[in-house]
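Chains as they are written, first to last, in the working numbering: chain D, 1 to 112; chain R, 1 to 112; chain Y, 1 to 112; chain P, 1 to 112; chain A, 1 to 112; chain X, 1 to 112.
There may be inaccurate statements among the hints.
Identical chains blur together in the list; that is why a pair holds if it fits in one copy or across any two.
[As the list claims (entries may be wrong)] Below 25 Å or equal to it, Euclidean Cα-Cα: the simulated SDA-like pairs (lysine to any residue) are:
no., residue 1, residue 2
1, K31, Q80
2, K73, P24
3, K73, T6
4, K10, K39
5, K106, G25
6, K106, A20
7, K10, G46
8, K73, A22
9, K31, T6
10, K73, Q21
11, K106, I18
12, K106, G41
13, K106, S42
14, K106, A22
15, K10, S28
16, K31, K106
17, K106, S28
18, K106, P24
None of these hints come from the bench; they were simulated from the model.
So the chains spell out like this:
There are 6 protein chains.
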Amino acid sequence: MSETTTEELKSVQQRTAILAQAIPGVLSGFKRLSDEATKPGSLSPGLKELIAATLGVTRLCEDCILFHLSAAKRHGASRQELVELLGIAVEMGGGPAIVYAGKALKIFDALS
Amino acid sequence: MSETTTEELKSVQQRTAILAQAIPGVLSGFKRLSDEATKPGSLSPGLKELIAATLGVTRLCEDCILFHLSAAKRHGASRQELVELLGIAVEMGGGPAIVYAGKALKIFDALS
Amino acid sequence: MSETTTEELKSVQQRTAILAQAIPGVLSGFKRLSDEATKPGSLSPGLKELIAATLGVTRLCEDCILFHLSAAKRHGASRQELVELLGIAVEMGGGPAIVYAGKALKIFDALS
Amino acid sequence: MSETTTEELKSVQQRTAILAQAIPGVLSGFKRLSDEATKPGSLSPGLKELIAATLGVTRLCEDCILFHLSAAKRHGASRQELVELLGIAVEMGGGPAIVYAGKALKIFDALS
Amino acid sequence: MSETTTEELKSVQQRTAILAQAIPGVLSGFKRLSDEATKPGSLSPGLKELIAATLGVTRLCEDCILFHLSAAKRHGASRQELVELLGIAVEMGGGPAIVYAGKALKIFDALS
Amino acid sequence: MSETTTEELKSVQQRTAILAQAIPGVLSGFKRLSDEATKPGSLSPGLKELIAATLGVTRLCEDCILFHLSAAKRHGASRQELVELLGIAVEMGGGPAIVYAGKALKIFDALS
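Just chain D, with the same shape it has in the complex (with noise of 0.2 Å):
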């Protein structure tokens, strides 16, 4: 894993570490709401976190981008499945989509 990626998300996890200190009990209805949305299903939880990260892609947040593609690759996901996401993304998002749809494929491929 490339060292910018990995201390950009580990400054993620320790910012919503203190968050979740300050308000825990929205961060745990929040966790249990996400537990439940990426929980083996008809969709794997890989693609799951994938998909989650598209919806990064086209919100334009890059750290929840790093975020689920971290996790998606835990599950052990696709980089083809990344790739047909981005196009939808591209799709539904336009120039902007196709910015942030580059720095997906970026930080995928950094992550070990």
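For this one, chain D is given, so just place chains R, Y, P, A and X on it according to the hints.
Coordinates of chains R, Y, P, A and X only, in the frame set by chain D:
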């Protein structure tokens, strides 16, 4: 309450109920999150619901405005506080926020 | 002008007038801002209003589109310029921009 | 298919056809983009259209949801997959995504 | 105040000053709007600036957060109020709002 | 051209090239769309690229601003036109648009 406003509120509630049957775990996590976010604290639940409605204004989400203004009214939130919040929404959202701030004020006045 | 378009335009204007009574200082600051932003310069007021409407397209704000296209027509803005601007909106906004660009063109043609 | 849903779908298609006459080159480029983005691959066209609709949910674009759910149905996409995708939309979009996820489910059920 | 935070705040202020030289009328209209929106009323200026920062959280605008939290601190706004507002931001913005709420809390703590 | 601006522009171009290898059909459709949207017409290519950059301002997409301002400069677009467009962006985008309008002006002046 004006008839249109009442019907649209019911419509939002019905659609959300059907969604809750489809993804109960996700919605129950969200309910926990939402209850925690609007519980009494330094800020009152009424003001918190007004602020949620204000976030709906800058997000251009009319049903969100309706839903949260209805909750704000149940908590006895004041029109003056709403009006001041709409000013901040205009500062942060420009022209589109003016359009939805106008909708918000009309909805607030239509809710009995 | 088609009846629906006329009524919706009136409705936006009425809601904005009520908002202006509630937060007159905020709205008068915005009016100053808005007058300055669309005054004659290197670009004409008509083109500037078309561009404001185009920003309404990518922001998915139908009433914004209506409001600014109405102003653009009063300044004699051309359909050809609108059409070229809508192409840029599609480039920068993808599928959702196509939906609202279609609405914009229909509104422009409906305005007398 | 419910009458309102059918009419709204026709309305989107008509507005898009008029836009395509105005900027044919832009729309034909978009059609190429769109066809490529949703062609069969690791993910099926039906699932890809559901994902496009999900991006419409977080973008709060009701006509986008309608357009892509209609395409998804033509490809035989399943309600269970939609439902799981809506959970991810809620995770990434909060309250406003709940409102539009509810609309999406209602539209899917209304489409024959 | 941490050095990075100080420098970034200065950078925002410098860029805004250069913009104000280029379009003085627009920016002076905005200043009027902004002063009116955050003046003392039912809600205090400090709380109003925190709310502006919260709108910056759901808009994913880091410099907006920095700018308005700095103003909030000058007005003596409390961390507890910010924390409660961030909970509402998460309710209305989902995962991306968590990322920027984490940034907001870090910035607030870094501001002296 | 300032070194940072040059490097960031190269970085956007490299990421987009890698994306184009991954989804060539999608990107070639987008290129067609984009070429059509910015070709000479009633509005010049230079002005059209400035308008694309302005849409990047209200979308809060810094790399989009950089990419389209660079193209605008190649077409000989004028600073005065950009400045007037930024005023419209502020009208339609409020505070966050001021932040990104400031970035846009700085980028334009940094591009040789």
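**Report entry** Ascending list of hint numbers which this structure does not respect
**Finding:** Those not satisfied: there are none.
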